[in-house]
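Take the sequences, apply the hints, and build the full model.
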Amino acid sequence: MNRVRPWVPTAITGRLQGMTVGPAAIARTIKEADNPILIVGAGIMEELEGRLADYAVRMARARDMPVAATAHTISVLHDRGIQVQAMGLSDVIARLQDPEWQGLNGRPHDVAVAVGIRPRFLNNMFNSLKNFSDVRTVSIGKHNLPNASLSLANLTDDIWEENLVEICEYLER
Amino acid sequence: MNRVRPWVPTAITGRLQGMTVGPAAIARTIKEADNPILIVGAGIMEELEGRLADYAVRMARARDMPVAATAHTISVLHDRGIQVQAMGLSDVIARLQDPEWQGLNGRPHDVAVAVGIRPRFLNNMFNSLKNFSDVRTVSIGKHNLPNASLSLANLTDDIWEENLVEICEYLER
Amino acid sequence: MSEHQKVKIEKMKTDVIDLSNVIIEIGDIEKEWDEKVGPHPKPSMSTLREWDFKLLSRHKPLYTPVCDECCMCAFGKCDLTQDRKGACGIDLTTQQARQVAMYAAIGTACHAAHARHMLHHQIELCGRDYPIDLGDNVEVEAPIMRTVVGSKPETLGDMEKALDYAEEEITKVLASIHTGQEGNHLEYESKALHVGMIDNLVKEIGDIAQVVGYGMPKGVPDAPLAELGFGSLDRSKPLILLIGHNVAGGASMVDYLKKHNLEDKVELAGICCTSHDLTRIYDRGKIMGPLSRTMKFLQAGIADVIVVDEQCIRTDVREWAEKTGAPLIASSEHNVQGLRDRTEDDPGEVIADLVEGRETGAFILDSDKVAEVAVQTAMAVKPRREKLRFLPTPKEAQKLAKRCTTCEACHRVCPVDIHISEGMDAAKEGDLSVLAGYRELCVGCTRCEEACGREIPIIKMIETAARDEIIKDNYRIRVGRGPIQDVEIRKVGSPIVFGEIPGIVVFAGCSNYPNSTVEMAEMAEEFLKRNFIVVVSGCAAMEIARHKDEDGKTLYEKYPGDFDAGGLVNLGSCLSNAHVLGAAIKVANIFAKRDLRGNFEEIADYIYNRVGAVAVVWGTYSQKALAIGTGVNRWGIPVILGPQGTQYRRQFIGRKDKPETWAGFNARNGEAMNLEPVPEHLVYTPETKEEAMVWIVKLCLRNNDTPKGRMYKLEHYIDIHQKYMGTFPDDIDKYIRNKADIPLTKKDQIMKILEEKGWQPREVPDPTIVERLTRKPKAKEAGK
Amino acid sequence: MSEHQKVKIEKMKTDVIDLSNVIIEIGDIEKEWDEKVGPHPKPSMSTLREWDFKLLSRHKPLYTPVCDECCMCAFGKCDLTQDRKGACGIDLTTQQARQVAMYAAIGTACHAAHARHMLHHQIELCGRDYPIDLGDNVEVEAPIMRTVVGSKPETLGDMEKALDYAEEEITKVLASIHTGQEGNHLEYESKALHVGMIDNLVKEIGDIAQVVGYGMPKGVPDAPLAELGFGSLDRSKPLILLIGHNVAGGASMVDYLKKHNLEDKVELAGICCTSHDLTRIYDRGKIMGPLSRTMKFLQAGIADVIVVDEQCIRTDVREWAEKTGAPLIASSEHNVQGLRDRTEDDPGEVIADLVEGRETGAFILDSDKVAEVAVQTAMAVKPRREKLRFLPTPKEAQKLAKRCTTCEACHRVCPVDIHISEGMDAAKEGDLSVLAGYRELCVGCTRCEEACGREIPIIKMIETAARDEIIKDNYRIRVGRGPIQDVEIRKVGSPIVFGEIPGIVVFAGCSNYPNSTVEMAEMAEEFLKRNFIVVVSGCAAMEIARHKDEDGKTLYEKYPGDFDAGGLVNLGSCLSNAHVLGAAIKVANIFAKRDLRGNFEEIADYIYNRVGAVAVVWGTYSQKALAIGTGVNRWGIPVILGPQGTQYRRQFIGRKDKPETWAGFNARNGEAMNLEPVPEHLVYTPETKEEAMVWIVKLCLRNNDTPKGRMYKLEHYIDIHQKYMGTFPDDIDKYIRNKADIPLTKKDQIMKILEEKGWQPREVPDPTIVERLTRKPKAKEAGK
Ligand code: SF4
Ligand code: SF4
Ligand code: SF4
Ligand code: SF4
Ligand code: SF4
Ligand code: SF4
Ligand code: SF4
Ligand code: SF4
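Chains as they are written, first to last, in this note's numbering: chain A, 890 to 1062; chain B, 890 to 1062; chain C, 31 to 814; chain D, 31 to 814.
Think of the hints as simulated: they come from the structure by calculation, not from any bench.
Where hints are given, some of them may not hold.
[Claimed, not checked] Within a straight-line C-alpha distance of at most 27 Å, the following computed DSS-like cross-link-like pairs (lysine-lysine) qualify:
#	chain 1	residue 1	chain 2	residue 2
1	D	Lys191	C	Lys72
2	C	Lys583	C	Lys248
3	D	Lys191	C	Lys191
Owing to the predicted nature of the structure, the values given are computational and were not obtained by experimental measurement.
This is how it looks when you write it as structure tokens:
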């Protein structure tokens, strides 16, 4: 168990903590997933002066991932020309735990990738998946989240953006 | 924060965990302490077929540490010819938190070294010192305890005994 | 419960009789009430379990554990990750539900103990026979008690039995938390719902007791406006700051000031609900703000005397009182703070001890003594104290900022995610404006200061930075009006049920979420403009008052206090938020003529399927807020929590994509059928206020909406969706039963969507989820 | 509390009067009782705070946090390490005390709900006027209720008000746990002590109700012996296994069996306290064992029908019932297990569903129906079931063992530190004896199985390994006798207070500590031999029965059941352990003529300074055990916990090296003085049983020991110290007040020590820690 201290020091919920990884591992996991879902939250409108939305769109396109647009992100994503499903985060998380759910594209998702969601909120939500589903979770936010199967270390905006670029490029390969 | 998984997986009590170290670091800490106290518990009579008692005595002698004999260890230690103070573990722990307490030898202790106490019990007791005193705590039991400032990794009896020897030798130097 | 009494009368003399040593045995004597008793008077912990299970099969618990371990017994800690069970056999799902039930029980216990104290106090002041008179316009005085307990209180004393019942149920639920019982999460959820319903009940009792006893406004829509904010204080006068929820001490102070003609000489102001209740009895009482402002006032040292009662008070209040030299009076058994008990001592002695600094505080359990000591002490210490002197000067703030190493430890722990070091960076250069900007976001939790290794007094620096604004802080809030009048219900019953009033939105509970002022005020205004009834209470009501428009007007100055379309109804303290549930019940009773007595299930079914109400607890934090929310959930009212609501560990999420989960009946013929997926969720935590607003309108949908009602609601739904999401909603077909439901203004667009989706018109049933309530009950049901 | 009632009598006719429509107002009418009311009837949460603070200044809380974080509200989680405060201002010390108070409240709530249910049930069965008759030898029927509540119950109905009071206090304590209240740990400790005292009260009520109503033994010392252990069962008969604490269902089964002449046909056996209570009403009832045996019986599938009621039941009982094909009946609202409610259904239908396997269980709230369904179902399913077939064969066990990778994951999580992989290693070779040896250590928590990545059924393998022993398991236990008789008190009062009986040792509570059978039995026998009174109850009483001497006799067969020197007194279930506190109170009342009524403080002061009693809860785990212990603490009775007691987070540790912490008074003249440091601790967790035994005798020391008493106690102290510690105690000078205290047999050695230590004889005061109780009260006190 070798990991950085989570961004929120009390975010650890128990024995089982996810891994802190670099962009390559994240990109690989997304790429190799059977049917990943991209969950895009309100932060995409503000973070990195809005460029986060562009990265999210790039990833979705590159990997051809169905996108759940949480909060009020739908039009921002529509504006960037991709098809997304508007759906609250709790709705997504609840559905991902339902073995009957056929995903956004007609079959179950095995990996949930999230971006643009506040770390405390997402860490809690991902804990639900950690404990009550087989879905693996990936956070590409700039904060380290112990309840995500994989998340980045705590990064500055600059390095985070480099990581995002790296992930996009890997997926676009 | 780089440490082994504690022996008892749920023994972690929060953000603040002690360090997992080798025998050298433990020996150095004991040696350099201003006024360490050695707390010796019932395990010394059973562990390592009773040899643990010998190591405890050796350390106490080498470092000239006052010894608190908890549980019913007093006669075992007496038999080995050292002067000890019989005192329940809770009594020791409570006194160590009292800034007025003048220790077993007339002045406050800055480091508490424990051996022969069940890991769950000791980990709980040490948490009291971790949070409510400035006393640093050292476990030389074979189990890793996150609430000790310093403790060994989880060891087999053989390696543990090697460590004990190393600690004794360092202190005897 | 003991309705039954055996009494020995040793001596009794009246005009007609003179007897001694008679034993009278009294059975279950009930007050006269000709309503027939329904099936569930005084429901026990499992009585309404089937009802709960119906709700829970529609709105399934979604758990977000805050901890994967359990530490509740000496067997622990147990690791419950994934499918591991603890040493008692419990799994993580059940453990989450158990914790929810436990915390809901704690919240309920607070209100119950508060109600018990208040009722006891009023009985002492006014007598057990003091009539419950809520004015001519309120006949259905205690709708929750009528429904749940099955009794109709006429006097203060009549409410005592209901509290006995409540305490028994709280004890039962708490007992069920003990290790080694339920192994099924739904059982604990049912217990949480049960204790939540008890929470509704005890709040109603507590508020009625104080409304009646203190003569608070009795449901008047045009309750006066009170002043709120630091700027409303006359700083030349001594200030007594009341913190907490129980206004008994404050009420005695009002009496004392009036009796001694000191109203002009002393400022009485409160934080949290006690201040709501203060303004309900004293037109010069001031509201300082909600819980989230407490630490700022404490650190700034504005008070000359601090009086604490119970609940939601900084637990380190004594430390800060001492640091700022303000004598502290603890007036409740719940919060004694280690102070010496002076209840039996001569007030003069206590005052002398406090004024001369021999003691820093006192525990006094007698509210009259509290009043005397507080007032006299405040007047004596005031001359020695200078307000705000505990804040650093802007210069000092700049110097302090220079200590900052930008380590981000503060930012990491900040529950509302404030990027403090950016403010520090600016402050280093002498620019305090960034820090000043944090003022509205910061909830004063001190966590940043605890984490900061450089001992930077972050909150004080923010206050210093925002000093000019703080001094100007002065807002108007409508005083808590208490219950909703029967006449109002008569007026709105039909528009609510038939749809002209698209919904009732309740903003209640705490305000510990960043920007909750602006966000809650914005949300409230959105729905006021849309002719919803907007009801507020507790800290939320205060937070909403802290927002002014360009003309300097708060929403309370712009919207009337009527329980009617476009009305902004401040009920008062958290206790009084029971009345909004009361209003929903009264709709069923007064408008729809449903019997209340012991008839919970029918009433809840009515509300769930017919009354489009939704509660928003945006800045949620407390166990009480959890109890409040869980309570209204049991009556079928959905609750929207702010994002930090995930810390409560559980939401109730419906699945509109699974029609089979919406099973119900057409009451007209008893036919089983899948109803509409509305209201979709019972507890939901949106990410942003924009998302919240979409949910507010959507969660007002009800199965029984009339075509007109549905049409109005959908019009708002589409409109809000377009406004905040920027798109047309994609699920509109789910809510259009037939063409009459289609909003006219959007008819073309909708028709196109419906065609694409292959929509077919559907039958509109008389909806119920309780088979017993259908008109042609199945043979089996009938046999019961 | 409403002692006050206003009643309207519509019609009333007796021999002397005939009236209609009279309203009678009744004040606080009390049953006739000429004892004067003491200062504290029905103490509220803070009434006895000063008393608590006295205890707490002598025995300071020592906290061992199990978690350094707090997750109790949506503000959290908060990091409280070292001196950090949470977002509400609380620090770690206060948080520990808050958790202690919360868990004590949960434990108390359990007993309160249990007592409420039992009282309600008995009132239904026997009527509200059913007299509380505990036999000729018990006049002081409810010593705790008399002291705490200040009332003397004559009928079942008379106890209801006391439960109302208890529930109100539980609610208050629970309310105080809410975020934002106490900031001082001593306040929460006082609240924990308060709710603990309420626990004493409700247990007494619950047990009196069942003793009276069911006609359980009424304090008879020679209660019959019952059988305990799997070997006591006739395996050819259907077995109904009752698990839990509330015997209502079991009692109805007894009635049913008797009525239908089925006593010979069905075995009724219980686990946990319900089995104690079963044997108190049914001479053929069997005790299977304590909680720690539950999982073993469940996994082995010994039951044909399982009936669960409440508390300390494996939460996964349903899973195991289903796995072993035993229909499960849930009979309590506290533990419904997700089963369908069949309370209103025809029992025949339910039986058919269960027997034919259409359903795996049923929730039935009516104890008579439970009885019928359980008995009929058991008889019907028995033929289809073969006992123990769910355990692997030794061959299979060997094969299973081979899966083991010696990863130690199981060992790490085992609460009792069993080195399981060593047993597996031996088993791989076909030697099951090592595994068999774990049987007595293992508390059946299943944590090892949860942790094992190889899905090895560890518990079942241990059971298989120990199969031969299990089948032979057959022990005798004396049936719970309930209260202590007044005549016994008269007899032992003087020897207890004057010292011939050196102490009362109570083994109570749970048995989840490794080797608790052997260890508790050993400890019990040590003190029996030394003429202590040894009192047992709950799981501890069962565990002690599981130990036989060479002649195959259990302690119950070797020692009489008298409450007298060398007596082994089984009170019964955990509810009945209230009677040992009752006995201590009766010593004060009957022997020392102290008034009880509303006189808590004086009685507690009496016990604390005069009655050498100590409680041992060796295998502690539950919140109830915490409540029980904290309850007796308030009366000045020390508690020794097994090492896992540190998981409760708090001990009460005295400092014999700090004389100033032992301040008190000489009641003879009111003089303030430091008393002796006895009893040294109020809660203490020793490391080993040897250490525990030294503490047991030492914690029996009391300030008021007579010279003879002190001499006896010290003789035992020295002797036990030498026996188990191997040395002469080093603090003997602290307990010798003058030469008369010196044990004769050790006089020379002691005199030498005393000389070395410069010992001087000391005055022996009439000790009290309550100034008010001294004979020359100070002027100030007198003024109060
Ligand atoms: S449940 Fe809460 S208190 Fe217990 S271990 Fe987890 S975080 Fe700590
Ligand atoms: S209550 Fe159950 S899960 Fe929690 S610590 Fe106790 S045994 Fe473990
Ligand atoms: S006090 Fe304010 S800035 Fe500091 S952590 Fe709390 S909310 Fe954030
Ligand atoms: S914790 Fe203190 S030093 Fe670190 S960034 Fe925050 S204010 Fe600066
Ligand atoms: S109760 Fe206090 S310490 Fe606990 S989580 Fe809430 S704010 Fe933090
Ligand atoms: S079931 Fe027995 S062996 Fe396994 S962890 Fe529990 S006590 Fe240890
Ligand atoms: S956990 Fe399983 S595999 Fe590992 S040592 Fe224990 S029994 Fe063997
Ligand atoms: S002794 Fe302990 S385990 Fe046994 S029934 Fe009582 S509380 Fe439960």
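The hints, checked one at a time:
1. D:Lys191 x C:Lys72: holds, 18 Å
2. C:Lys583 x C:Lys248: holds, 26 Å
3. D:Lys191 x C:Lys191: holds, 11 Å
The structure fails none of the hints (numbered hints given earlier).
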